[in-house]
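Novice: The chain contents come next:
2 protein chains.
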Amino acid sequence: MSDLSRKIDEIKKLPEKEQIYSLNELIAQEGVDAPEAIKELKQLLAPYGYGNIGLAQINPILGDIKYNAQKVVKYISYAEKIGLDVIIFPELTLVGYPIEDIIDRHPIIVEENIKWLNEIAKITKQTRAIVGFIEKVKSQTGRRYYNSVAILAEGKIESIVRKTLLPTYSEFYDSRYFEPSPVIGNQPPETLCNLDKVYDSPKLSTINKLKYGITICEDCWNNSDFFVPNLYKVDPVKELAKEFPDILVNCSASPTRTKKEQLKHNMLSYISRQHKTIFIYVNQVGAIDNISFDGSSRVYNPRGELIARAKSFEEQLLIVNPIKGLGKIYPLASGLEKTLREPKIFTLDYEPDLERTYKTIIQGIRDYFKKTGFRRAVLGLSGGLDSSVCAVLLADALLPQNVFGVSMPSKLTSDESKNDAKELANNLGINFTQAPIKNMYDVINTSLQELFDQVEQKWDNRYKKSFTPDNIQARSRAMLLWGISNEFGSCLPIATSDKSELYMGYATINGDMSGGFAPIADVTKTKLFALARWMNKNRDIKNAIPESVIAKRPGAELAINPKTGKPLLAEEALMPYEFLDEVIWRIENKHESYNEMLNSQFLYEKEKSIDLTQKIEWLDKFYRRMSTSLYKWSILPPSVLVDARSINKNDYRQPITSSHIDYKGLVEEEIKNIIADWL
Amino acid sequence: MSDLSRKIDEIKKLPEKEQIYSLNELIAQEGVDAPEAIKELKQLLAPYGYGNIGLAQINPILGDIKYNAQKVVKYISYAEKIGLDVIIFPELTLVGYPIEDIIDRHPIIVEENIKWLNEIAKITKQTRAIVGFIEKVKSQTGRRYYNSVAILAEGKIESIVRKTLLPTYSEFYDSRYFEPSPVIGNQPPETLCNLDKVYDSPKLSTINKLKYGITICEDCWNNSDFFVPNLYKVDPVKELAKEFPDILVNCSASPTRTKKEQLKHNMLSYISRQHKTIFIYVNQVGAIDNISFDGSSRVYNPRGELIARAKSFEEQLLIVNPIKGLGKIYPLASGLEKTLREPKIFTLDYEPDLERTYKTIIQGIRDYFKKTGFRRAVLGLSGGLDSSVCAVLLADALLPQNVFGVSMPSKLTSDESKNDAKELANNLGINFTQAPIKNMYDVINTSLQELFDQVEQKWDNRYKKSFTPDNIQARSRAMLLWGISNEFGSCLPIATSDKSELYMGYATINGDMSGGFAPIADVTKTKLFALARWMNKNRDIKNAIPESVIAKRPGAELAINPKTGKPLLAEEALMPYEFLDEVIWRIENKHESYNEMLNSQFLYEKEKSIDLTQKIEWLDKFYRRMSTSLYKWSILPPSVLVDARSINKNDYRQPITSSHIDYKGLVEEEIKNIIADWL
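Chains as they are written, first to last, in the working numbering: chain U, 1 to 679; chain S, 1 to 679.
I should point out that these hints are in silico values taken from the structure, not numbers from a laboratory. There may be inaccurate statements among the hints.
What the hints assert, rightly or not - To list a few chain U residues with every Cβ distance to chain S over 12 Å, as calculated:
no. : residue
1   : GLU10
2   : ALA34
3   : LYS71
4   : GLU112
5   : ARG143
6   : GLU190
7   : LYS197
8   : ASP246
9   : HIS265
10  : GLU305
11  : PRO567
12  : TYR631
13  : PRO637
14  : GLN654
15  : ILE671
As the list claims (entries may be wrong) - Listed next, the in silico DSBU-like pairs over lysine-lysine satisfying Cα-Cα at most 30 Å (straight line):
no. : chain 1 : residue 1 : chain 2 : residue 2
16  : S       : LYS66     : U       : LYS615
17  : U       : LYS238    : S       : LYS197
18  : U       : LYS615    : U       : LYS264
19  : U       : LYS590    : S       : LYS136
20  : U       : LYS260    : S       : LYS136
21  : S       : LYS542    : S       : LYS615
22  : U       : LYS344    : U       : LYS370
23  : U       : LYS590    : S       : LYS563
24  : S       : LYS197    : U       : LYS242
25  : U       : LYS311    : U       : LYS17
26  : S       : LYS566    : S       : LYS418
27  : S       : LYS197    : U       : LYS649
28  : U       : LYS13     : U       : LYS39
All C-beta atoms, glycine included, are put in the ideal place defined by N, C-alpha and C.
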């Protein structure tokens with residue numbers, strides 16, 4: 001008796017529903033070479049008669065149509081073998097989302113994805129496959145492409161649905177390259193790349209006794225009762241609901257960000273309840289550059305209850321039968337449910353979001369490396385919080401043997417920091433070495449001082465106290481890390497800057513902010529502390545980050561504070577991180593102005609009394625530093641979007657030359673007087 | 001008799017029309033302190049009776065409302081004094097274009113610009129002022145803002161027009177933050193931030209006997225007879241033309257790019273002819289980050305003839321009376337007219353575009369520095385073409401005394417290169433010094449080799465031949481330049497990478513591609529050669545760039561070619577620049593695919609016969625290198641858009657993880673066989 005047969009026999013002892021899910025997972029592990037298990041699964045599903053559906057959340061490589069198509073073919077073939085009615089893929093299945101401007105500059109990609117769609121259609125039989133693709137627009141007016149899905153069956157394309165609502169905000173740029181659909185619901189197959197008018201054909205797909213209303217991603221995000229205000233005039237889901245579908249389907253590619261899961265759950269539950277319809281949501285999984293998609297595809301019943309949910313951050317085909325109650329709810333990151341109805345206030349209790357944050361970044365690192373062809377990372381280990389957290393994340397994403405930590409002490413580096421770096425590397429099992437930068441620093445400093453003396457003969461305004469020595473250290477370290485990346489194959493250096501410090505421009509160009517990837521660029525410092533503690537508690541190997549790293553107050557050890565004679569602490573140069581992070585939160589989440597913040601009580605103020613002068617000083621410093629950090633934001637390496645809002649240039653666009661903005665504003669009387677002065 | 005009076009007397013000897021333009025220019029030089037000249041000008045304009053119009057092309061600082069408002073107030077006051085009927089400002093006058101996501105994150109900017117608008121309205125008298133601003137949307141559906149203009153007169157807002165067509169492609173992102181207007185033409189003043197329905201009020205503004213139809217920028221770029229295909233379903237200009245305006249006005253912010261002037265001229269001429277109406281186009285001038293606006297505001301008569309055009313790349317109030325034939329056509333960059341109807345083919349004759357290219361970059365550098373508060377630049381002078389061209393551009397944009405050229409020879413640097421660098425600096429009158437990098441190189445190399453030996457104990461895949469030595473040189477130089485920027489106030493280091501080399505990733509991260517600004521990142525190598533020659537011929541000081549710099553074949557002098565024993569030439573590492581630049585051109589302008597290029601005859605092939613194997617090798621290398629250069633594009637410093645299309649991340653968006661795209665594609669039969677293999 002084979003090992004596989006034994007496993008199948010074990011599974012057959014479980015309750016019937018558990019058999020289905022265990023067999024499905026077993027087959028996923030074994031690949032298609034498990035005909036025995038497939039046969040068992042088919043027999044278990046057969047009695048349901050109709051309504052068996054597969055939610056295929058795949059992790060595509062952007063633009064790699066062959067790679068993505070192989071997944072599609074594999075899942076369609078499997079779905080056919082186990083007798084599903086329909087298998088549903090995420091938005092833009094064949095090319096991945098977001099495809100962006102590539103399709104304008106390289107239209108061959110669109111040609112290719114249509115060829116692949118047609119060939120994939122030919123292998124379909126009884127099981128319908130709902131597959132996303134880019135379609136050409138026939139009309140001479142408008143953009144050149146639709147974001148479409150095709151329903152494939154019996155060797156042909158059966159019908160086509162196009163996306164109506166095109167998100168164009170934050171990380172979304174759909175309006176740059178897609179035309180909105182002129183019609184909601186299905187259109188006949190002869191309209192492929194040829195939609196010259198709206199045909200009066202059924203809007204819904206009828207598949208084995210059930211009627212399906214299909215939409216694409218943003219199409220389900222405009223319920224005007226749920227969202228006030230809302231963004232678009234049409235609600236495609238409401239339009240389809242008028243046709244009395246049994247099941248509403250949404251093919252999606254929706255990134256995970258703070259608070260997004262809660263919003264999504266409440267919204268989808270509301271929609272299914274409002275229309276008294278089953279709602280099936282199939283989401284892309286995996287990361288594309290800065291965007292991490294969490295999968296977690298799901299099904300709601302007509303009462304708005306969640307009846308099935310796929311895994312998070314993992315490719316999976318989830319089998320459901322929402323008509324007959326077949327479903328399984330795989331767990332979300334713990335803590336998320338807790339915050340479903342939490343009011344939007346600033347808090348230092350990050351606990352409910354830490355597992356999601358961790359998994360979002362892990363997937364972000366892993367997929368960026370895999371999809372760009374890298375497998376190893378090198379980073380500087382300072383013994384501080386930022387580099388320590390990055391090291392843990394890299395070890396978990398890439399495996400410890402693929403991570404090299406380099407301690408690069410200068411004369412300002414304390415023994416404690418050196419020891420912390422070494423201990424961390426030991427705990428993680430990553431590679432470690434030390435490379436002092438003293439010699440480099442001395443020679444570079446000498447060369448620079450000679451050069452400065454030359455320059456000073458021609459130029460005024462030499463700073464009495466400059467950041468040159470600090471920056472030589474940071475840049476020498478980057479020089480070493482990039483050197484390793486040049487010398488050893490498949491290796492990227494890591495930028496360890498965090499979000500709080502990037503807001504303040506407290507990061508060195510060509511130094512610590514340079515790298516092939518920036519894992520924590522969207523994590524504020526106070527959240528990093530919480531994440532460090534969470535990882536110490538929740539990883540298999542406990543307390544990988546030495547307690548002393550978390551306990552000490554952050555400082556770059558690049559300069560001495562003349563007041564204390566000790567290395568300058570970051571908070572001395574900036575302001576308390578609890579205060580700084582709340583300013584960031586209020587701007588990003590509440591769009592508060594300078595004066596609104598001045599007149600609000602901060603969490604920090606509840607605990608420590610600060611006088612108005614101090615608060616004004618910090619706020620002034622915040623806006624001044626933020627205004628001159630825009631250039632640094634513009635050259636930030638790829639990172640992972642984690643927070644609800646960010647400074648990532650793909651998510652937030654602000655011209656660098658806007659540094660003169662007066663964020664305080666003036667009142668009418670002041671403006672009037674200024675104008676009078678000019679006249 | 002004062003100097004000013006003497007000048008006025010001189011002017012009064014000119015023909016009447018010349019008097020108007022000379023006085024206007026004199027007043028611009030003198031500011032408002034020229035009541036004598038203003039009085040003369042008013043007397044000259046009075047007999048025209050009605051139809052005197054001012055086109056006020058201003059150079060705003062983004063978001064600096066006070067700065068921009070001062071210009072508006074100054075020009076309105078002047079227009080009133082000389083008795084103009086109306087003065088017209090560019091799109092988004094008060095904040096500058098493009099304002100981007102700032103208004104979502106910092107809504108106070110919108111509040112402020114409305115306060116300023118209201119206060120400015122109060123100072124208006126007889127002269128109407130058409131002023132662009134950001135307006136709040138009342139509706140609960142849609143985006144939160146309109147892109148609007150207000151017509152101000154007699155102390156009040158007289159009416160409001162909102163932008164209908166929102167460009168969202170290339171450097172334009174309007175759909176991210178603006179709602180399209182629900183109505184074309186004027187709406188009454190009580191709709192300010194309060195447009196709850198469309199009012200049945202006159203669509204046109206009647207100002208001193210004439211009817212004006214007003215649109216904003218993209219609103220005039222959708223004539224379906226001129227553009228086939230076209231982008232939007234509505235043509236706001238056509239709608240307004242139905243109301244029989246005397247004058248169509250367009251408040252614009254339209255960047256200059258290769259071939260844009262020709263397109264714009266032909267289109268505006270076509271529109272005015274088609275609708276048999278005067279067309280007044282007022283364009284923003286100056287650069288905002290990567291985007292350079294050329295001004296060149298203009299007027300066409302109802303026969304489509306250009307009757308007035310303001311200066312290019314310069315702030316100006318141009319006075320016209322299109323009814324009575326008053327106008328002056330200031331010259332464009334020479335050469336542009338020539339190419340009005342040139343077919344779209346690749347050519348190495350860049351001549352017609354070189355003056356525009358030069359001025360676009362000069363303005364781009366000057367405004368970036370000014371608007372971010374910098375005034376000095378430091379760059380490495382290698383004696384090569386790229387750094388030499390950059391030095392000239394910087395000297396002209398910032399003045400020679402504000403530019404520091406540093407020659408940083410390594411052991412590979414030839415005496416010729418060192419001499420060329422020095423001679424160039426002398427010719428330009430910029431500051432110059434030498435800083436050999438030998439000591440730095442040696443110490444860094446030693447530190448790196450020690451570190452590599454450590455790393456090699458744990459990691460395989462150390463390259464036998466790596467780029468480490470090349471990169472140490474490039475990064476040492478950047479270390480010196482950034483050091484100067486840290487040590488001396490108001491100074492930015494310059495990235496000298498060109499477009500051809502950026503396409504090929506032939507640029508060092510944290511090395512030559514790092515800097516505060518990248519002046520020639522959108523200029524291909526063959527065009528740089530032409531630009532160098534053009535500057536040598538057309539600048540006041542001739543032949544600033546030594547002939548030997550232009551004559552020699554480019555090479556970075558970072559490595560030795562083992563085949564020749566001499567420093568490796570760029571074309572040996574890449575491919576001939578003539579071929580490379582044509583590939584870039586065909587992709588950007590014609591969206592050609594690999595196979596289309598393989599089957600086309602290149603210009604290069606007309607002159608030199610190359611066999612198919614060679615062509616395939618070059619094309620393969622091109623796509624391979626381009627695919628792995630996307631990361632470098634993403635961290636490119638701010639540059640200036642010059643070409644019709646670019647790789648600037650604000651103009652072209654492609655995810656980095658798309659490096660697996662198969663740009664060759666497959667035919668149906670191949671796809672079919674691949675799928676069959678999977679099953």
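Novice: The structure should be examined with respect to each hint, and the outcome stated for every one.
Specialist: Going through the hints against the structure:
For GLU10/U, the requirement that its beta carbon stay farther than 12 Å from each beta carbon of chain S is met, with the minimum near 30 Å. Taking the minimum C-beta to C-beta distance to chain S, about 16 Å, the non-interface status of ALA34/U holds against the 12 Å cut. Separation of LYS71/U from chain S is inadequate, the least Cβ-Cβ distance of about 10 Å not exceeding the 12 Å criterion. Once the 12 Å rule is applied to beta carbons, GLU112/U is inconsistent with being away from chain S; the minimum gap is 5 Å.
With a least beta-carbon separation of about 7 Å from chain S, ARG143/U fails to lie farther than 12 Å from that chain, contradicting its non-interface assignment. With a minimum CB-CB distance of about 19 Å to chain S, GLU190/U clears the 12 Å threshold, and the non-interface call stands. With a closest Cβ-Cβ approach of about 15 Å to chain S, LYS197/U is found to remain outside the 12 Å limit, as its non-interface label requires. The Cβ of ASP246/U lies farther than 12 Å from every Cβ of chain S, with a closest approach of about 30 Å, so its non-interface assignment holds.
Every CB of chain S is more than 12 Å from the CB of HIS265/U (nearest about 24 Å), matching its label as outside the interface. The Cβ of GLU305/U sits about 30 Å from the closest Cβ of chain S, beyond the 12 Å cut-off, so the non-interface label holds. Every CB of chain S lies more than 12 Å from the CB of PRO567/U, the least distance being 19 Å, so the non-interface label holds. For TYR631/U, the shortest C-beta to C-beta distance to chain S comes to about 7 Å, within the 12 Å cut-off, and the non-interface label is violated.
Distance to chain S contradicts PRO637/U as a non-interface residue, since its nearest Cβ pair spans about 6 Å, not more than 12 Å. Not every C-beta of chain S lies more than 12 Å from that of GLN654/U, the closest at about 5 Å, which undercuts listing it as non-interface. The non-interface label for ILE671/U is inconsistent with chain S: the shortest C-beta to C-beta separation is roughly 5 Å, within 12 Å. In summary, the hint linking LYS66/S to LYS615/U is supported, as the alpha carbons are separated by about 26 Å, within the 30 Å threshold.
Using a Cα cut-off of 30 Å, the hinted pair LYS238/U and LYS197/S holds, with the two alpha carbons roughly 24 Å apart. At roughly 37 Å between alpha-carbon atoms, LYS615/U and LYS264/U are farther apart than 30 Å, so this suggested pair is violated. Taking the CA atoms of LYS590/U and LYS136/S, the gap is near 17 Å; set against the 30 Å cutoff, the hint holds. For the suggested pair LYS260/U and LYS136/S, the alpha carbons sit about 27 Å apart, so the restraint of at most 30 Å is met.
Restraint check for LYS542/S and LYS615/S: the C-alpha separation of about 39 Å exceeds 30 Å, so the hint is violated. Taking the CA atoms of LYS344/U and LYS370/U, the gap is near 36 Å; set against the 30 Å cutoff, the hint is violated. Between LYS590/U and LYS563/S the CA atoms are separated by roughly 63 Å; this puts the pair beyond 30 Å, and the hint is violated. For the suggested pair LYS197/S and LYS242/U, the alpha carbons sit about 28 Å apart, so the restraint of at most 30 Å is met.
The suggested pairing of LYS311/U with LYS17/U holds, with an alpha-carbon distance near 17 Å, which does not exceed 30 Å. With a C-alpha separation of about 17 Å, the suggested pair LYS566/S and LYS418/S falls inside the 30 Å cut-off, and the hint holds. Taken as a hint, the LYS197/S and LYS649/U pair is broken in the structure, with Cα atoms around 36 Å apart against an allowance of 30 Å. Only pairs whose Cα atoms come within 30 Å are accepted, and LYS13/U paired with LYS39/U is accepted, the gap being roughly 16 Å.
In summary, the numbered hints that this structure violates are 3, 4, 5, 12, 13, 14, 15, 18, 21, 22, 23, 27.
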